[in-house]
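Protein sequences, first through last, are from chains A and B.
Quick note on numbering: numbering that gives the first Met the number 0 labels position 4 of the first sequence as 3, and the sequence is numbered without any gaps.
Quick note on numbering: numbering that gives the first Met the number 0 labels position 15 of the second sequence as 14, and the sequence is numbered without any gaps.
Please note that a few of the clues may not be correct.
For lysine-lysine, the following BS3-like pairs were computed, each having C-alpha atoms within a straight-line distance of at most 27 Å [what the hints assert, rightly or not]:
1. Lys-8/B with Lys-232/B
2. Lys-30/A with Lys-8/B
3. Lys-232/B with Lys-34/A
4. Lys-232/B with Lys-30/A
5. Lys-34/A with Lys-8/B
Calculated from the structure, these hints are not laboratory results.
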Amino acid sequence: MTGTAELILAYAIMSAIIAFYVNHLRSSIVKLSSKINEISIVYEEE
Amino acid sequence: MMYPDLSIKIRNGIIVTSIGIFGIISTALLGVFYAPGVDPIAWNAPEAQRIFYWHVPFAWSSFMAFSMLFIGALSWYRNRSEWGWRWVSTGSDLGLLFGAGVVTSGPIWGSVEWGVPWDWGDLRLNTFALLTGVALFLVLSRRSQPDGQETRDTLAAIGLFGFALVPITAIATTLYQKRHPGIVVVDGEGAGLDPMMRAVLMFGTISFMVLFIGLSMLSDSLLRLEDRVEQAKRRLDEVNQ
Numbered sequence: 000m001t002g003t004a005e006l007i008l009a010y011a012i013m014s015a016i017i018a019f020y021v022n023h024l025r026s027s028i029v030k031l032s033s034k035i036n037e038i039s040i041v042y043e044e045e
Numbered sequence: 000m001m002y003p004d005l006s007i008k009i010r011n012g013i014i015v016t017s018i019g020i021f022g023i024i025s026t027a028l029l030g031v032f033y034a035p036g037v038d039p040i041a042w043n044a045p046e047a048q049r050i051f052y053w054h055v056p057f058a059w060s061s062f063m064a065f066s067m068l069f070i071g072a073l074s075w076y077r078n079r080s081e082w083g084w085r086w087v088s089t090g091s092d093l094g095l096l097f098g099a100g101v102v103t104s105g106p107i108w109g110s111v112e113w114g115v116p117w118d119w120g121d122l123r124l125n126t127f128a129l130l131t132g133v134a135l136f137l138v139l140s141r142r143s144q145p146d147g148q149e150t151r152d153t154l155a156a157i158g159l160f161g162f163a164l165v166p167i168t169a170i171a172t173t174l175y176q177k178r179h180p181g182i183v184v185v186d187g188e189g190a191g192l193d194p195m196m197r198a199v200l201m202f203g204t205i206s207f208m209v210l211f212i213g214l215s216m217l218s219d220s221l222l223r224l225e226d227r228v229e230q231a232k233r234r235l236d237e238v239n240q
């Protein structure tokens, strides 16, 4: 038992945690940017 | 209509985060394929030891996040500053992110090296878990409670007191070493590292710092964006009335 499976598992979990947070930031920024665009279009129309 | 100042900040955040991600992937590859292994007789699971090239920088990054949370909480109390609150928010997010990485990778390594995933009698393990629990509480509370001065005061107070665990956790292995190894980068009896291993670990630490800065920039931009959406909504409501 050298711990190779545990090595892969640990790196996979830590990578998934970082990927989850980066994706959360990306999707939130995209969502809010499009919301600002929508609001500004409505604002200009009125 | 995207705000130009925020667009630049987001673009810079993406660049810095990408450099950080490239650095930490390189660290993992160097740690697994390039860094020398440990003595297979002295260690129960010599390959699992390579987890530490990410485990240790994750822990240091979490301490930076908790320091950010502490400075932000102080600034919020002193001046009720918006940037202080943004630092509390970003610090708790990143504290949870990096803390979660440490408390998951540690037991995986411990289970194969020590034979048990957790030691309830080890000061460092338990204070660090508590610290990550504080960050989890702050993140969940921020998302579930209405944003206002009372909520911010309460959560900033928890962040301030939670920070007291940082020095305790950091020096726990020096004062009270049970299962968790001591500080590896400081030379001393039983604490020294092979120069090659140290170089990979330092490269990993710098890469994680760059990633930390990039994620902080993006998180800060996101919080500013949330503020501006709220302001824009209020302006629209005023026009409609």
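Verification of the supplied hints:
1. Lys-8/B with Lys-232/B: holds (23 Å)
2. Lys-30/A with Lys-8/B: holds (17 Å)
3. Lys-232/B with Lys-34/A: This hinted pair holds, its Cα atoms lying about 10 Å apart.
4. Lys-232/B with Lys-30/A: Distance ~15 Å between Lys-232/B and Lys-30/A Cα, so the pair holds.
5. Lys-34/A with Lys-8/B: Holds. Lys-34/A to Lys-8/B sits at ~19 Å (cutoff 27 Å).
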